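Novice: Each chain, letter by letter, is given below.
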Amino acid sequence: MIRRHAWLWGAAALVYAFLYIPLAIVVIYSFNDSRLNAEWVGFTLHWYRVLFSDAEMLAAAGNSLIIALSASLGATVLGTMAGLAIHRYRLRVLPALVFAPVAMPEILLGVSLLLFFLQVLNLTLGMLSVIIAHTTFCIGFVAIIIRARLQGMDESLFEAARDLGASRWQTFRFVTLPLIMPAVAAGALMSFTLSIDDFVITFFTKGIGEPILPIQIYTMIKVAVTPEVNAVSTLLMLLTLAMIIVAARLESHAASREAARR
Amino acid sequence: MALLEIRHVVRRFGDYTAVDNVSISVETGEFFTLLGPSGCGKTTLLRMIAGFDLPDSGQILLDGRDMVGTPPEKRPVHTVFQTYALFPHMTVADNVAFPLRMGGRTQPEIRERVQHALDGVRLPDFANRFPHELSGGQKQRVALARGLVNRPRLLLLDEPLGALDAKLREEMQIELINLQKEVGITFVFVTHAQDEALALSHRIAVMNRGRVEQIDEPSRIYGFPRNRFVADFIGKISMMEARVVEAEPSRLRLEVAELGEVVMAGRDGVKAGDRGVVAIRPEQVRISRPAAPAESENHFPGRVHDFLYVGDVTTYIVELSNGARIEALLPNASPGRATFFEVGDEVGVSWRHDTGIFLDD
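If you read the protein sequences in the order shown, they are chains A and B.
Count along the first sequence from 1, then add 72; that gives the number in my numbering.
Count along the second sequence from 1, then add 287; that gives the number in my numbering.
Isolated chain A, as found in the complex (with noise of 0.2 Å):
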């Protein structure tokens, strides 16, 4: 069975190589005790001390951090909001317009969205734009899977509510947003990873003004390659996959929590 298979084993394991192995050459790197990402000279920590005093990246990070918690609890809210109202009234047009940014170029949103704020808008870039971008971009994803959540359940259960006395407000409070919580969890996990990590709609949108940690490390990188960037890859690495297998975890849970019902 395996060996008439092992081309297709072939095939899975180079994909994963390519996939893996540079990702794995930059958590390497940071410990390297070189300035060079050329040869493995012995471990240390020098680089993430490096990177902890570097004032500028901190402040990058800090930065990335409040675009991206803003961002996400905005386009979480919002994204419910949408998916709620995409569910319940069986829209037809707008669910593609609340989609299509999921799947539309980032470098057309960069662009569009950086037109509409200097010459619709008239707003001096910094902060605040690359948040509504942000958010902007991330309501789609949010939408998407509040409403697969939703196509999943019975709908009686939210007629039931209203039926045994609790108001609309009610019956959202104490039945629909307790039994779609967890997609709301994976939608704000999913949207915080988007946003802490973009870059092309930040490069649009961000001005020249507050440091920004992708753009930062990019701008680093252009001037020398130094393990310092590897470093502070790693510790972005971690954080990210830490929040997509949490966001993966509430939404499985909450699948299997359900099949155990039927």
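Incorrect hints may appear among the rest.
Reference excerpt, derived from the structure (chain B facing chain A, CB under 8 Å, subset only) [unchecked claim]:
1) A337
2) F339
3) E360
4) F368
5) T370
6) F374
7) T378
8) P386
9) M389
10) P505
11) S506
12) G547
Honestly, the hints are just simulated from the structure, not real lab data.
From a predicted model like this one, the values you see are computed outputs, not experimental measurements.
Glycine included, every Cβ here is placed at the ideal spot set by N, Cα and C.
Assemble the complex: chain A is given as a structure, and chain B must be docked to it using the hints.
Specialist: The following block gives chain B in isolation, referenced to the frame of chain A:
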């Protein structure tokens, strides 16, 4: 004054009329059933009583007050859903407490009434379970407790026994009757299962294509169906086309083509020359050996076409000389003996003139 008064209610979905000028009144304490095939409008009607849907015209009055315009949460009406609709993230106790919490009751009162409601459906020790830990029958009982705990004026039940297996269904039917008697709350029950409707209800409204065909007590629905649809939908019945030859107040003489004369009980409004059908229930038909002497007026020779043995009884399908098929029921009183007649046997069938019914629609 009737508790629930449905007056000339119409509900259309596009070109399709789901509920077509329906008028029903339900008395306090009644177990009232809406019975009909799927698509007959019974569920639409129930949803309008609950407030999930609104009539295009007509009125729905509860205690004399028009409910149209009152949202579901403001109506003193609760529903037991076909899927039970128990909140999966709440314990049994929290599910049952839900209507009381929404009603703003105090904590001690809630606790007491939840326990009382769970005792009432024989689940006193299930308060801390979650719905996914319950069997179908237990979920059903929790849904009932939740629907009854706040003592609504009216409890609506939407095919609540549909998801249960046959044995459990029968148990739950008996429990439902007892529970309704105990709490004294008016039930409006929706089902497509005629046996269930007959077993549970004080009165039944038989619905078809959005209209009410007949409203009556179970025994009258079964014994005196008003038209062919009701006769055919409730229980089994054999029908033959016939023409009235002579109509007296006490008896009708009918002519069945290529068979002969049939005598039946008289009916108001039937006159000579009318056309209609002779309808007889299988248990009203006697099946005998052809040589046996005629015991009643309507006696015809025939041949066993087929039979169906179901344990307690055997149903024989007898083909008469005119090709019509009549079903006759024979109880299997002596064990081990499956059939008295075989396929192809010559037999006689007969029925008394005061059984069966002439339907002239």
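Novice: For this structure, which hints from the list above don't hold up?
Specialist: As far as the earlier hints go, 7, 10, 11, 12 are violated by this structure, in ascending order.
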